[in-house]
Structures are given as structure tokens and as C-alpha cells.
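Using the sequences plus the hints, can you model the full thing?
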Amino acid sequence: MKRFTQKITSTTNHRLEEKIRGHLDDLTKPRGSLGRLEEFALRYCLCKGNAVAMLEKIKFFTFAGDHGITEENITPFPSEVTCQMVANMAAGGAAISVMCRNAGIDYSVVDMGVKSDLHDMPNLIKKKVGYGTNNFAHEPAMTEEKTVEALEQGFILAEKARADIIGIGEMGIGNTSSASAIYGLILGLDAENTVGAGTGSSGEFLERKIKAVQKGIDLHRNAAGGDPFKILAHVGGYEIAGMTGMILGAASNRIPVAIDGFIASAAALVAMRLEKNTRDYLFFSHASAEKFHRDFLQKEGIRPILSLDMRLGEGTGAVLALQIIQQAMVCYSQMATFSSAGVSNKE
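Take 4 as the starting number for the sequence shown in the working numbering and just add one per residue.
Derived from the structure by calculation, the hints contain no laboratory data.
Do not take every clue at face value.
Simulated pairs of lysine-lysine, DSBU-like, Cα-Cα distance not exceeding 30 Å [stated by the list, open to error]:
| no. | residue 1 | residue 2 |
| --- | --- | --- |
| 1 | K218 | K302 |
| 2 | K131 | K10 |
| 3 | K32 | K131 |
| 4 | K163 | K233 |
| 5 | K60 | K32 |
| 6 | K214 | K5 |
| 7 | K218 | K51 |
| 8 | K163 | K5 |
| 9 | K279 | K163 |
| 10 | K149 | K22 |
| 11 | K10 | K51 |
| 12 | K5 | K129 |
| 13 | K294 | K118 |
| 14 | K22 | K32 |
| 15 | K131 | K218 |
| 16 | K279 | K22 |
| 17 | K10 | K32 |
| 18 | K149 | K32 |
| 19 | K218 | K294 |
| 20 | K5 | K149 |
| 21 | K129 | K118 |
| 22 | K149 | K163 |
| 23 | K214 | K302 |
| 24 | K218 | K10 |
Given below as C-alpha cells:
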């Protein structure tokens, strides 16, 4: 794991922070009046290690994969929906596709582990590590070798992106179950605490989902032993591992990442447990309506950018947050200052 984390350093720099705050306070506005936009600009500049950082190039990636846990009849949607939605995303018809297009954000969907083979399409990146995971209620979801391969693919994509900031989201029927198991094993919680409706599980579907996730937690607790990498391998997914790798690759190159909702946050949790300084580079975009996500954010002391009762996934919350961060940096880099504009500053 060292090769994925050895270059990640803390963004803490008191001298630089003082310089950034000084510039924010010199902008032609009452001090602090841009609220959290000033926080976002400060954090972005600290990520870059530069008081005159620019935010121009944004890239967005939706990672996709199928999950063997769906064999437990935990969702009303068949796993074929993953492949169909990936094609829809690549063709530009999904929510995340139209939102990125409207915002002028470079968008790609990444096949990390979809059960079916997809034909070549614009905006589709093929990095398939496997054809869906194993059923973690009975065996490890992935081998450690395949998990490393998925991490590597995400890591390399981040390095090659050459972006100022990256956004990530996901698509995969059954992946809320994997995320719930990751939260449970890392944070020491039972499935009743972490499992929610996901793509619409209710009634008997939800009951089976809770039982399946708990079975997985119980089965893998001792073997994983609290190791975040082993937890990822035992109950995660190819797309979750890909997102984790992208987070680590971005942080290694001082590229901040906008994290989407419940599942992307599970990938972020793994990354943060692998290297604590990773957290400095993460912007948690929104509090999902999915059960437990707000509890997770609170437990970790994270204040998300938005709270819109969203639970679609794909990255739809993250793309909104990216636009807010972008506006924060527009103000930071383009507003006049009191010292340059000849405006009296009463403060």
C-alpha cells in the first residue's frame, strides 16, 4: 500500500494560510461575507500549496461495477441495469451526463467491473478488472490481487487526468450493500446501523439486504482484522476500489477531489484510513438522503457543502459542489482588492 500513499502530505502550512486569508480579507467585500466560499477557496489553495492557485480544468469520473451480493435478492433492480446505465451515461442521457455537459465539465464513465462487455463509446473508459464481484455474504468480494489492480487503475487515471480538481461518483446495482459493509467493518457497526434503501429496497428486500450485509460483516470481521485494504477486498467492489485509487492518486499529486454521496464516501473512508492526510484533499459534496450517510459525516467531523436530500449517486451531488468551489475560486482570483481598487476599507 505504501506506493499508493507515500507521496500524500498534509496541506497544513500556517505561513501560506496567513497569506491566503490576507488576500481574502483584502477583497472588496466585508470580511468573511462570502461565508463558506472563503473556506473552500482557502482549502483549495492549501491543497495546491499556492496562494495564487487557479481552478480552470475540472474532470469528472463515474466508476461502474457489478456486485455478487445481488444474488441475495436484496434489490428490485436486476444487475443488468448497471450495464444499461453505463451506456446511458456514455451516450449523454443520464443525470450526471447532462449536468456535467451543462456545466462544461469534462466527463467520463469508467467500466471497472461491469458484468457485460460494453462496446466502444465516447466518454467510456474501459478499465475492467473483473466481471462483477463475488457474493461477499459467502466469500471475499475480490482477491487482494484484483483489489490492488483496481486501486492502480484509479490511481493512474488521477495522475493522467492533469486536472486542477476532480469529481467522482459511481454506478453499480448492489453497491450500497458493499458500502454499508465497509462502513460497518471500519467503524465497528452492525448492518442495522448502516444499511438503507439504496436503489429502492423496502419491505422484504430491505430485510434481506440487512441480513446479507450483516452476514458479510460477521463472515469477514476476523479475516479483515480492521485493515482498510482487506476490508475493501473482502466486501467492496471494483468501482469502489477504483474510486479509492483515484482519491489516493489525486492526493499524491495535490489534486483536490469532490466526493459524491454514500458510496463514494465509503471509498473516501478507506482512503483516509490508509493515509490520514488524504482527508485534506477531499471536499464532501453533500449529505445524502441514504440512511447513515449523515451519521458518518457527523462521526468524522465533516461538514458537507450541500444538503439537498439527494440519493441518486452517479456523482450528481459532487458536480453541483464542484461548481460552488469553482465560484469560490472565481471570487478569490478575480475580485478586486481594497488595496488595488482604491475602495475604502472600514475594517
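(request) Would you check the hint for K5 and K149, treating anything up to 30 Å between C-alpha atoms as holding? (result) Since the Cα atoms of K5 and K149 sit roughly 17 Å apart, the hinted pair holds (cutoff 30 Å).
Check: Keeping to a limit of 30 Å between CA atoms, is the pair of K131 and K218 held or broken?
Finding: Holds. K131 to K218 sits at ~28 Å (cutoff 30 Å).
>> So if I understand the rule, the pair passes when the alpha-carbon distance is 30 Å or less; does K10 with K51 pass?
In response: holds (14 Å)
Q: Assess, step by step, whether the Cα of K5 is no farther than 30 Å from the Cα of K129, and give holds or violated.
A: OK: K5 and K129 at ~26 Å, within 30 Å.
(Q) Check the hint pairing K218 with K10 against an upper bound of 30 Å on the C-alpha distance. (A) Answer violated: K218 to K10 is near 37 Å, above 30 Å.
Q. Does the structure keep K60 and K32 at a Cα separation of 30 Å or less?
A. holds (27 Å)
Exercise. Going straight from one Cα to the other, do K279 and K163 come out at no more than 30 Å?
Worked result: Holds: K279 and K163 sit about 23 Å apart, inside 30 Å.
Next item on the list: Would you mind confirming whether the straight-line C-alpha gap from K218 to K51 stays at or under 30 Å?
Entry: violated (43 Å)
Fill in: 30 Å limit on alpha-carbon distance, applied to hinted pair K22 and K32
holds (17 Å)
Holds or violated: K294 to K118, with C-alpha atoms at most 30 Å apart:
holds (27 Å)
Q | K279 paired with K22 [C-alpha distance capped at 30 Å] | A | Distance of about 25 Å is within 30 Å: holds.
Restraint status (C-alpha distance of K214 to K302 at most 30 Å)
OK: K214 and K302 at ~24 Å, within 30 Å.
Of the numbered hints listed earlier, those contradicted by the structure are 3, 6, 7, 10, 17, 18, 24.
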